Amino acid sequence: MNPVELSLFASRITAVCDEMGAVLRRAAFSTNIKDRLDYSCAVFDPAGRLCAQAAHIPVHLGSMAYAMRGLVDRMDWSPGDMVIVNDPYLGGTHLPDVTLIAPVFCGSRCVGFVANRAHHADIGAQSPGSMPVSRTLAEEGIVISPTHLLHDGKTVTATWEHITRSTSNPVQMEGDLSAQVSANRAGMARLAELASAGPATY
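Numbering (the working numbering), first residue to last: 1 to 202.
Worth flagging that the hints you see were computed from the coordinates, not collected in a lab. Computed from a predicted model, the values in this text were never measured in an experiment. Wrong hints could be hidden among the right ones.
Simulated restraints, written as ranges between beta carbons of each label pair [what the hints assert, rightly or not]:
id : residue 1 : residue 2 : range
1  : S196      : R165      : 38 to 48 Å
2  : M75       : E139      : 21 to 31 Å
3  : A47       : N2        : 32 to 42 Å
4  : S7        : A158      : 41 to 51 Å
5  : G70       : E5        : 30 to 40 Å
6  : R135      : N2        : 50 to 60 Å
Using N, Cα and C, we set each Cβ at its ideal position, and we do this for glycine too.
Using the sequences and the hints, build the whole thing.
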């Protein structure tokens with residue numbers, strides 16, 4: 001790839017992250033995401049290495065890179081899957097920062113991953129607010145180990161309901177999770193288009 005093609009490719013793949021962020025912001029319910037812009041979006045290669053990121057929250061993006069390296073080999077990935085996690089011992093930050101990861105397939109081949117992390121207004125803490133006063137993880141809210149939120153394109157109802165019902169505002173949580181799903185779907189579509197079209201389109 002010559003320098004011009006490389007620059008064009010970098011711009012195109014960064015635009016994928018920008019579009020994911022725009023979808024997430026517009027579809028979200030909570031002020032944390034819509035107004036404070038406390039979210040981040042990124043694209044990773046099939047090994048979980050960071051390829052591109054939008055100009056979002058740096059601490060999210062830095063920690064997401066470490067989270068992905070451990071998660072790629074830990075999970076079984078299929079088209080239509082999305083895995084949710086907020087465990088700070090697995091590359092997370094604090095519990096309100098919930099990450100949603102999706103593989104991107106071209107045919108039977110995984111060509112990369114898209115991911116977004118958003119700061120939720122409520123994650124089931126004992127005290128109110130999105131920055132709860134807590135001394136333990138149990139006081140801060142629910143800990144989500146890497147779990148399928150969607151599998152083969154279908155919602156895993158038990159996981160979805162467990163997360164939303166653990167909060168004081170299930171409707172808002174459901175809206176924000178749906179926004180994260182939509183952002184990943186936008187990123188998946190754009191990245192698949194790039195991968196299938198080839199270098200001539202850069």
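Discussion item. Hint by hint, where does the structure go against what was stated? Just the numbers, ascending.
Written reply: Hint 3 contradicted; others consistent.
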